[in-house]
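**Student:** Sequence:
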Amino acid sequence: PQNVIIDEVAGQWITLIAVPVAWKSLLVGFILFRGFDIFKPPPIRRIETLPGGFGIVLDDVAAGICASIMMHLLLYLGWL
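The numbering of the sequence shown is our numbering, which starts it at 1 and goes up by one.
Each statement offered as a hint is correct.
Here are the simulated distance ranges between beta carbons: (1) L75 x R34: 17 to 23 Å; (2) R46 x L73: 20 to 26 Å; (3) I56 x I31: 19 to 25 Å; (4) P51 x L75: 32 to 38 Å.
What the hints contain is simulated information worked out from the structure, not anything from laboratory work. As the structure is a computational prediction, the values presented were derived from the model and not from experiment. Idealized CB from N, CA, C, for every residue including glycine.
The task is simple: from the sequences and hints, build the whole structure.
**Tutor:** Right under this line is the structure:
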């Protein structure tokens with residue numbers, strides 16, 4: 001099995017900041033974070049190219065921020 005990497009955990013935590021603890025919101029948050037992390041839209045892809053380990057860590061933080069914005073938008077719209 002693949003080891004758990006702290007940047008992935010941090011990105012997931014950022015996604016779920018101030019989100020109600022319910023199975024539906026946790027599942028949607030996980031899917032959103034993984035989507036942003038795997039597909040890396042252009043702003044996140046660019047961050048990943050930063051030198052050293054910064055890009056490796058900050059791309060997951062950026063994916064978490066994007067997923068968090070989407071989560072809060074879904075909550076605001078009443079879709080979650």
